Structure formats: C-alpha cells, structure tokens
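Trainee: Residue numbers (our numbering), protein chains in the order written: chain P, 1028 to 1434; chain G, 2 to 219.
These are computed hints drawn from the structure, not numbers from a lab.
Don't take each hint at face value.
Derived, one-sided and incomplete: chain G residues facing chain P with beta-carbon distance under 7 Å [to be verified]:
(1) L46
(2) D47
(3) I70
(4) N85
(5) L101
Pairs of lysine to aspartate or glutamate, EDC-like flavour, derived with a Cα cap of 16 Å [as the list claims (entries may be wrong)]:
(6) G/K22 <-> G/D184
(7) P/K1335 <-> G/D66
(8) P/K1336 <-> G/D66
(9) G/K153 <-> G/E24
(10) P/K1335 <-> G/D71
(11) G/K205 <-> G/D15
(12) P/K1336 <-> G/D71
(13) G/K22 <-> G/E55
(14) P/K1029 <-> G/E108
Here are the computed distance ranges between Cβ atoms for each label pair [as the list claims (entries may be wrong)]:
(15) G/E167 <-> P/E1319: 29 to 39 Å
(16) P/F1307 <-> G/V18: 49 to 59 Å
(17) P/S1368 <-> G/G124: 52 to 62 Å
(18) P/A1304 <-> G/P49: 41 to 51 Å
(19) G/S67 <-> P/H1253: 54 to 64 Å
(20) G/V18 <-> P/A1051: 55 to 65 Å
This structure is a prediction, so every number in the text was calculated from the model and none was measured.
For every residue, glycine included, the Cβ atom is placed at its ideal position computed from N, Cα and C.
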Amino acid sequence: MKMIFTIAWRNIWRRPARSGVLLASIIIGLWAGVVAVGTMNGMMNQRVNYLIDSEITHLQIHHPEFLTERRPSDMIPNVEEIRAFLRTQPEVVSYSTRSLSDGMLQSAVKASGVRIRGIDPELEQQTTTFYRNMVEGEYLSDTFRNPVIVGQAMANDHHLRLGDRIVLTFEGLNGQLTSTAFNIVGIFRSASSDFDTFNVFVHSDDMNRYLGAEGIVHEMAVLLTHADFSSEVTTRLNEQFSGIEAQTWQELSPELSTIVELSGLMLFIITLVIMAALAFGILNTMLMALFERMREIGMLISIGMSRKKVFSMILLESLLLTLVGALLGLLLAWLSISYLSVNGVNFGMFAEGIAELGWDHIVFPVLTSAEYVSILVLVASVSLLSAVYPAFKAIRIHPLEASKGLT
Amino acid sequence: MYNPDTVPVHALKDVHVSFEKGEFTSIVGPSGSGKTTLLNMLGGLDKPTSGSVEIDGMDISKLKDSALIDFRLKHIGFVFQHYNLIPVFTALENVAFIMLLQNRPKEEMNARATSLLEMVGLGERLEARPAQMSGGQQQRVAVARALASEPKFILADEPTANLDSESAMNLLDIMEKMNREQDVTFIFSTHDQRVIDRAKRVIKMVDGSIAEDVTIQA
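Could you put together the complete structure from these sequences and hints?
Mentor: Written out as structure tokens, the structure reads:
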C-alpha cells in the first residue's frame, strides 16, 4: 500500500504546473466558499440570536386570541401560577411580562400608528438585551412622569428629541380610547429601522393604569438556556395550562424560520456549485494525466499489476491532490473566520439598506468543527467520484494497445 | 487473426512451436512476419483466434483477464523496446515494484532488488531515476526488473533497438551471463544481428508462419 501511495503521490507532481493550477483552484475555491458560508451562517445566527435575545426570546405566552384580535381584554390568565411553574423549569433562565396595545402617537409634527409596549424594565433587562440599543438618554428611568423611549427612526420622522412630549392614544379595557402624554427619556436604535419606526416602550404600571386595571399581562417572554429547548418547554406549558397559547420563536416569527430555511438552501446551492467546479477540474486533470500515461499503464498491467490496483492508484492520485488542496483551503478559511469572528466583516456601505431589512451591518462569520469536517468529507467524496470515470478508462486499457505490442 | 469481420489479417498461421527451460532464442523476420504477435501470445498479452498457448501444461489462452495478469506477474518477465520504467521511481524501486506486487516481505524486496542491480552493473545507481540514466542503463534496470519476479522465462521485444553499440553489447553480455549461469530463459523478437549472433536457437518467421527453426548451440 505504501508504494501505491508513493507512486500516486509522485505521479501528482510529474506535471507540477498542471497539478499546481488545480491545487490553487481548490485552495482558493474552498477558502472563498467556506468564508462565504461562514459569513452567511454568521448573518443568520446574528439575526436569529438578535431577534431572540432582544425581542422575541425563545418562547412567548399569550391569550389564544390576543395575537389575532389584539383586544386589551385578552389577557393571560393565571399569571402567578405560570410564573411559579416557570421557576420550576431548569431550562428557564428568566422571563418578563408585557402589556401591549396598538395605538397612535401624536407629536408636534404629525401622527402615526404605533405599538405601545408596557414593560417591567428590571425583568426586561434580565430577559432581553434590548436595553443595549439605547443611543440617547436612559432606559425608562423614573426621572420624569410617564417616561417613554422611542426608536431613532421614529424620532427622526417626528423630529423628536429627549425631553419632548408625545401623546399616545390607545383603547382601554372598557373599550374607550384613552390619550395620555408621555415624556421622552430615551432613544433607541435596533437592527431593524422598521421596528424603530413602529414601537415605543413605557412602564407596564403606567400602561396598565391607563388601560384601566392593575397587573394586566398580554405577553410573557421566556428566555431559556438554549434555543433547542424551545419546543419542549412550549409543549409543557401548553399541556399544563389551558386558556393560554405558548409558542416557540419559530412559530412567532415564521418569516425568520423561512429565512433560515432559505439560507440553508442557498448555502446548499453555493456548495453544489463549488463542488461541481471541483469535480470538473479533477475530471479534466485526471483524464489529461491518464491520456499521457496510457502506455505506462499498459506496461503496468503487462508486468502484472492488477486492474484493481490500477483503479486504486488513479483514485488515490485524485484523492491525495484534492485533500492537499482541501486541507490548505480549509486552513486558510479557518484562519480567516477565526479573525473575522472576532473583528467582524463590516458591510458599512450597505448599512442603511441592511438595517431596513433588520440586519446588522457588522457580521461575525461562524462555522462549527462539524461543518469543517463535513466540507472535508464532501470534498473527498467528490474527488473520488470524479476520479471514477478516469479510473474506469484506465483499467480498460489493453496492455497490447497501450504498449504497441511489448513496446 | 485480426479484423475477422472486415479485412481479415492472419498474423499467425499454423504456428506450432515449443520452448524449453534455459533457451536463448531469437525470433527473427521482416516487419509483419508475426514475430511480435507470437511473442504477445507467449506473454499472454494476446489470445489466439484458434489454438492454445500452454506453459508448463497450463493453457493460458483460456484464463480470465485477472488470472492472466496474475500469471504474468508470477511467471513471465518482460523487457520492452522502450524500457518502460516507472519514471517516478528510482532504479531500486522499479525493480522492487514487481516483488511488491507479489507481496514479498520488504526486506527481501530491497535485498533482492539491490543484488539484481549490482548484477547488471548498476550498484552505484540505485537511487537514480530513469530520467537520470542513459538508455543502456535503463534497459539494464528493465532486465533486473524482469528477473526480480523469478519468472519461468523472459520475453524481450527488440531490447537493443534503442541502444548504441556499446550499450547493446553490454546488455547482451548480461543476459547471456544470466542464461548461462542461472539458466534464465530468454526469448527475443529482434532485427538486431548482434542478438541473432548470440542466440542458441533462431526461429525465422515469414508471413505469419515459421519458415525456419534452427538450433545453433546445444
């Protein structure tokens, strides 16, 4: 086996330029492809993690009709029992309670639709990272009466600054519209300018007071130790409590799930294209090498090298050449991703457009060890498959035809 | 017979010949006389349209391809006109390669390969690759390789065709010595009068048939 390995390895370097070109194409193709895959992975992970960490969390609990009807009276029943239950679940890190209403925001400049989110700042900071989005002012401090924080996009739209007053109008529990002045104590900027345009945050106590009752909870957001537990904990909640609907982040954000799936499909297509290019490169190189060595292979069969060994030799040549390129390409990719996973890839020139879509313009590529290994195995498989045709041609060489008799 | 359905070519016609151990035989004849075809038959590289090729009682023309390859590996040595060494191997590796295919132990392989190369006068060139050797040296490596498998006989098609006079004479000296001292059987296909002059038996072929079969030395 060692000598077959030796002959295969040395055969690769008979034509250093030709092998070098294929090697370079494998290295560069894999390097670029894997970094692209890592970047897309990073974008997806960041988007998913951001939404989970800052807004959706891993699961949410609502009254079954709240998300469709948005009535103030569709409150979560048995909130204290649910709190007690959540405290017994080992997967639960924290939770927050929210009261929600859709209404109007009136400023000195104009009026616009808005979603008003009444939160408990302390619970909210334990459950989401949204508080890190503050760019001006404070996160719902008690400095002023009826504090509110608004998105920067909204502030720009309405020409609002810290200290300005806005009027929020929304429906109370009694079905009547209520309008109340709130004081801007902070401005936030999230990854989504859309979100910033249509959402404001107030104290849940203030919200509930104007809704008409204490302790109103329309939404409970639960943070888990890992996203993988979402489904399991959601099922337990739905089984334990009737009169509520617990949903995973995938169910709450189906568009995000779709994006993740589409991203997976795109990655598959990118990988397919790279593998196809690799396959044709290998096929071309191996066929050229074979046609140059037909007489030699005929001689090998003449002197007693079995066709099985000839077949193995051709496959081994392809595999060795590809693996060298693959390992170097993956090494370069790993180094690049290691650096970029800390420093990020800055898509600053597209920042505004990306923000419109809700994406961060600094992306941190990521690729797991399992994904590196998968790519290596895939490349090796493509290499072997590509070499099958040349190997079959090799073993079909008649020693007589290739060697022109015994010569 | 080749091309039976189009333009039939009778490369060999009614050839009946046998060879004994220890022969040093030349098969001669003009181009197209069938001498190469006869050699191919003897080496199992071609099969007769009718008839048989028996070696030590075994009809090799009936063997399947894989069995034939294995038979050649164990029992037949080849020396090609164009040397046909493996260019990426050294002289030592080229000779050892046959024994590798025969699954011999590594120590035996290297020892025997070294011994054979010394026997053909290339003891100082074990690590040289074919590109670093002259034609004569390459052909001597080819002879050593053919001997490495301890074959029943060695077939050589025009072994001196691409060699200068001195190299050709050296090569013939070596092969004659092997034949004389170790009873190695050589069967040549050749135009070279120098080879013919050294042969103990000369088989002359004309138009696919044996025209003459003369034993010169007993």
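Trainee: Are the hints correct? Go through all of them and say.
Mentor: Now the hints, each set against the structure:
The beta carbon of G/L46 comes within 5 Å of a beta carbon in chain P, closer than 7 Å, and the hint placing it at the interface holds. The restraint placing G/D47 at the interface with chain P holds, with a minimum CB-CB distance near 6 Å, inside the 7 Å limit. Because the beta carbon of G/I70 sits about 6 Å from the nearest beta carbon in chain P, less than 7 Å, this interface hint is met. Interface hint at G/N85: satisfied, since its Cβ lies 4 Å from the closest Cβ of chain P, which is below the 7 Å cut-off.
The beta carbon of G/L101 comes within 5 Å of a beta carbon in chain P, closer than 7 Å, and the hint placing it at the interface holds. Distance restraint check for G/K22 and G/D184: the Cα-Cα separation of roughly 7 Å lies within the 16 Å cut-off, and the hinted pair is therefore satisfied. For the hint linking P/K1335 to G/D66, the alpha-carbon distance of about 12 Å falls within 16 Å, and the restraint holds. A hinted pair counts as satisfied when its Cα atoms are at most 16 Å apart, and P/K1336 with G/D66 qualifies at roughly 14 Å.
As the CA atoms of G/K153 and G/E24 are separated by approximately 11 Å, the hinted pair is consistent with the 16 Å bound. As the CA atoms of P/K1335 and G/D71 are separated by approximately 12 Å, the hinted pair is consistent with the 16 Å bound. As the CA atoms of G/K205 and G/D15 are separated by approximately 14 Å, the hinted pair is consistent with the 16 Å bound. Using a Cα cut-off of 16 Å, the hinted pair P/K1336 and G/D71 holds, with the two alpha carbons roughly 12 Å apart.
At most 16 Å may separate the alpha-carbon atoms for a hinted pair to count; G/K22 and G/E55 meet this at roughly 14 Å. For a cut-off of 16 Å, the pair hint linking P/K1029 to G/E108 stands: about 14 Å separates their Cα positions. The given range of 29 to 39 Å is respected by G/E167 and P/E1319, whose C-beta atoms sit roughly 32 Å from each other. Between P/F1307 and G/V18 the Cβ separation comes to about 52 Å, which falls inside the hinted range of 49 to 59 Å.
A beta carbon spacing of about 59 Å between P/S1368 and G/G124 agrees with the range 52 to 62 Å that was offered as a hint. Against the hinted window of 41 to 51 Å, the Cβ-Cβ separation of P/A1304 and G/P49 comes to about 49 Å, which satisfies the hint. The hint said 54 to 64 Å for the Cβ distance between G/S67 and P/H1253, and at roughly 57 Å that hint holds. Between G/V18 and P/A1051, the C-beta spacing of about 57 Å keeps the proposed range 55 to 65 Å intact.
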